[in-house]
Amino acid sequence: MNKKKVRLEINGIQYEGEAEPRRLLSDFIRDDLGLYGTHVGCEHGVCGACTIQWDGNPVRSCLVFAVQANGARLRTVEGMAPDSDNLHPIQQAFTEVHALQCGFCTPGILMTVQALLRDNPDPSEAEVRDGLSGNLCRCTGYQNIVKAVLLAAEKLAQK
Amino acid sequence: MNYVGTSVTRKEDNRLLRGSGRFVGDIIRPGMLYAAILRSPFPHGKLKRIDTEQARKMSGVVSVITFADMPDVKPIPMRLAPRDDLIRALQKPLASDRVRYVGEPLAVVIAESRYQGEDALEVIDFEIDELEAVVDARRAVEKGAPILHPAVPDNIAGHFVEKTGDVERALAEADLVLEEEFYIQRHSGVPLETRGLVAEYDDGQRLLTIWGPTKVVHFNHAVLAGLLDMPPSQIRMIELENGGGYGIRGEFYPEDFLIPFIARKLRRPICWIEDRNEHLKSANHSREQWHRVRVGANKDGRIVAFDDVLLNVMGGYIRTHGATVPTMTAAYLPGPYKWDNYRCDANCVLVNKTPAGTYRGPGRFGAAFVRERVMDMVAHKLGLDPAEVRLKNFIPTELMPYNTGTTAFGKPTIYDSGDFHKQFHLALEKFNYYELQKQCEAERRAGRAIGIGFGCFVEKSGLGPWEYARVEIDPSGEVVVYTGAADLGQGVETVLSQVVADALPIDIERVRVVHGDTAQIPYGGGSYASRGTVLACNSAVVAVGEVRKKLMQLAAVALQADEKDLSIEKNCVVKKGTGASVPFVDLAKLAAPITALPLGIKPGMSGEGFFRAEHMVYPYGVHMALVEVDQETGFLKIHKYLIAYDIGRAINPMLVEGQLVGGMAQGLGGALLEEFSYDSEGQLLAGSFMDYLLPSSMEVPPVEIVLTEDAPSPLNPLGVKGVGEGGTVGVGAALANAVCNALGGKVEIKRLPLTPDRVLDAVKSARAAAAAHA
Amino acid sequence: MKPPAFDYHAPSTLDEALNLANQLGQDAKFIAGGQSLVPMMNFRLVHPAHLIDLNGIAALSYLRIEGGELCIGAMTRHREVELSPIIRDGWPLISECMPFVAHVQIRNRGTLGGSLSHADPAAELPAVMTVLEAKFVLRSNRGTRTVPVKDFFVGTLTTATEPGELLAEVRVPPLPLATGWAFDELSRRRGDFALVGAAALVHLAPDGRIEWARLAFTGVGERPTRAPHTEQALRGQSPTEDVVRAAAEQSSNDLTPESDLHASAEYRRDVAKVIARRTLMKAIERSRTASQ
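Chains as they are written, first to last, in our numbering: chain B, 1 to 159; chain A, 160 to 933; chain S, 934 to 1225.
Chain B on its own, in the form it takes in the complex (with noise of 0.2 Å):
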């Protein structure tokens, strides 16, 4: 099966596995690491529910193979809120405004979001959608998620 040692960096912690080279990225997080916070929606890259960040970048972890993030730095969903009492701005956001129903989509939203508000601190509704199209949401109808980001943004800039 010619696996392959995975070392990589989630969240700020070491992670170490083994995997063959056809393994997903998406796969190896979830089933191999634990981290059942990314979702899996349609594996050919185009539903966003995979979305994690590498290096900061939101990428989907589908669409990458786990040997090929051998030694990068990324992040995921679980890494987002400061402990298990707290949720973080964008987060709090999300659920003062309803901003999510089932929830399946939300983790891979919240990687995009928080990419999109760290490159534009002040976007405008427009910028939002554009920058949400990449997530597809069946719930909500994206409506409370575009007012979730615009509040988001309202509380990092008040930090």
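To be clear, the hints were calculated from the coordinates, so they are not data collected in a lab. Please note that the accuracy of each hint is not assured.
Straight line, CA to CA, 27 Å or less: simulated DSSO-like cross-link-like pairs of lysine-lysine [unchecked claim]:
1) K170/A - K216/A
2) K3/B - K1068/S
3) K155/B - K708/A
4) K147/B - K796/A
5) K5/B - K962/S
6) K551/A - K497/A
7) K3/B - K216/A
8) K159/B - K170/A
9) K147/B - K589/A
10) K708/A - K729/A
11) K458/A - K581/A
12) K4/B - K729/A
13) K4/B - K962/S
14) K1215/S - K796/A
15) K799/A - K147/B
16) K497/A - K147/B
Residues of chain B clear of chain A, computed beta-carbon distances all greater than 10 Å [what the hints assert, rightly or not]:
17) Q14
18) G17
19) Q158
For every residue, glycine included, the Cβ atom is placed at its ideal position computed from N, Cα and C.
Got chain B sorted already, so can you dock chains A and S onto it with the hints?
This is chains A and S only, laid out in the frame that chain B set:
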């Protein structure tokens, strides 16, 4: 502060935002194996043989299951709207001698990883003699068409007629008669999380546990017990988080038999997580309908006759929903209008496509499209304002409760309450209709194509016949609500907490909701047909009533008073006028057997409740859209979109709006983007998200919601109606009407979806019609 | 949808990669960003026995101007191209096209070279490179050759690269001062492949007439399609809407669109003229502004 009526934030959110919600794909059991399913690549054929020898030899493969391993298995029965005629076309979990749609399960590989399972699928040797496939329902019902099931020689698996009045006479007497054909395309819920199951058989305990079922867990539990010939007490189903239902997740599918069956057979836990390609070709499709309509109207705009021949396109088999979709269409086609002469001749037609089931607003998305297009066509023919035509036809509120003359699920359709005129006027005002209409007319004279469209509807919700709840205060003072409803992401946990917190009363933070576990909840109706709030909340109120009786009974002992001198306040019971009180937590402790029994009181601070709903309740609404057509490309720009909805009573207004906007996005997908396209040979062309197009944040416009509580339901103590589907059903109608209005009423659109191609053709037709008139 | 098994190689130099490719032959594929290849593998549409990962070859990722030409290493991520000030300054047509390429998550990982090598007939970049008359530097362990863009795209998902060869660099010639540009496309949803797209360049003469114009389409044939009849019809003409409309009509003869489930061939032919006119008008306006 009352929780009910307040937009409290959801209890579900914390874990979902952290990524710690448990979905079925997150379940790991020791020794778990993975299933990969071989599915028919052909739409129609005779299955001659399957040779699994090569597959069994592949690395990591433990077993390969075919029909030969279950020769006596019975077909999957119907749950809703069952009919004797439909029994002829039910589906067995694996194909035995025939395949009838691309995607039909042929065999199951069980391997140490999904990767290896898929490797083995590639080497299963099978032989299928292809038969001619039929994909167009109009052809399927013609003489000489390929026959799917020998017992159904005309491919019409089910047939029934709904009618009221005398449609033929009324047509003969009408001032204007229109004859039109409409088509709504095949599309479906397509949730972001695909289906999945984990099943594990504990040989020693003789207990089969299944994670992943949802929506109608107790029903599925009963069906599985029957198909496996096992006592129900040996099966436990556990619902987890799930990534969207919309009607299609949670039905009893072939896989819902196969995975538990194999787990029991192999004595190993089995995990099946559907992939996206599988999902698009094997989870329920929906919506596809042909309508051949004859309409009679009078010069004043009143519809006096409506006759519809409906071809409801099923698929290769009939699924658990039976005739639900055409039943809904036939019952609710009249919508909010007073149609005294109406007939719907409904046919369940078999074709070589994936079987179809219910999807958000089943039968009603298409019904609204047809009905509302007809209203506008009549308006155009008579030179009347489409708003006027509707106002002429609405059922007056004085006639409520109003028996439409149709039936559904064996019960008459009686609208419980509603003021359609009032709501429509309110919507016109909020939309600024008359002003916008003038502006559009001026713009159209100047050469732009911009117009307004309506989609009026009556929704149904609160489908009974019953729901169950148990409410308990545990010795720490925590309130646990056990509900038979299912969580589909709609917020049932939060809404139930609000209702119980108000009813007890107690702080909402102390309320916890448990759902979907057959071992913890003995009875359940499930969540579908927008029944969650109506049924689950009302049953919880009944249960809370029983708990309050217990609180009083024990408080009388604790405070040494008569019950008539006691009053239940938030978190405690007080003795009126004295200031003496005892908190719920102490009463819960007192209810332990060791203290309660000597008092002659039945132990336990808990109560059960059933709520019976004999009739459904009927929320209603209207969609309004302002749409511009790019006359060179056929692309649409939605400038304004409004949904007015009367919900009777809103437990959590924020969640209600969320359902309406989310529903609208799915309706928009159905109106503009989504289609399960097949080629003429029966091959599914939409096998990926590159081809089946879900709307993104760029395609869904902002939606304005006008929520009213004018017409609470008299049929349940909370006065609530549901809202799961109202956001979806009106969209096809409103957008199609807006496009036709934008094109000056010179072309009538009768097909969905409104692709750029189709809209551009409509633009050209409208130009040609205008030129012919000039 | 799990991919089939393969042997994995991660060279750190281009020479190593090319030697591997030569050794392993037809059974090997290069993987760049993977945004096109991995979906195909997940659908099991391709079964390469070997993958040669180019992501470890730092020397293939660069963006610079050499002798006035824009030189982009094949492994440069789309996102870097999108945000590059050099490109925005000198080749703004590329900057305008980038936001149409899928979504930011794809652009963070996908590469210019990978995308061009994939040669999807409805992709944006092939049409843009075509209208810019770019040159593609191909490397194999047999040597280097430079192929003009018009010879690079051969058919649907097919390029002129030979076995063992890879696209190493894209070179874009400089444009004369005050060249106007525009890219636009029609797609069912934001970020999807184009139903029809067009890339236009226009240069106005000092007297205000059109000195030259270039137009390339995507989505209307197996390859990016230049529109020589339209370009010819515009040369020396006054840059009015009527002239442009008439010239855009002429593009029909150059197009070979196909029908699919998203749009018919007839539709694509019709709207190609519309997109052509819109992009040409915008390019003219920009050329005019730049001349002032």
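Against the structure, the hints:
1. K170/A - K216/A: Not satisfied, since the Cα-Cα distance of roughly 49 Å exceeds 27 Å.
2. K3/B - K1068/S: violated, 40 Å
3. K155/B - K708/A: violated, 47 Å
4. K147/B - K796/A: holds, 21 Å
5. K5/B - K962/S: Judged against 27 Å, a Cα distance of about 22 Å means the pair holds.
6. K551/A - K497/A: This hinted pair holds, its Cα atoms lying about 9 Å apart.
7. K3/B - K216/A: holds, 21 Å
8. K159/B - K170/A: Status holds; Cα separation ~26 Å.
9. K147/B - K589/A: holds, 22 Å
10. K708/A - K729/A: holds, 15 Å
11. K458/A - K581/A: holds, 24 Å
12. K4/B - K729/A: Distance of about 61 Å is beyond 27 Å: violated.
13. K4/B - K962/S: The hint holds at about 19 Å.
14. K1215/S - K796/A: With Cα atoms ~21 Å apart, K1215/S and K796/A stay inside 27 Å; holds.
15. K799/A - K147/B: holds, 18 Å
16. K497/A - K147/B: violated, 40 Å
17. Q14: holds, 20 Å
18. G17: holds, 14 Å
19. Q158: holds, 19 Å
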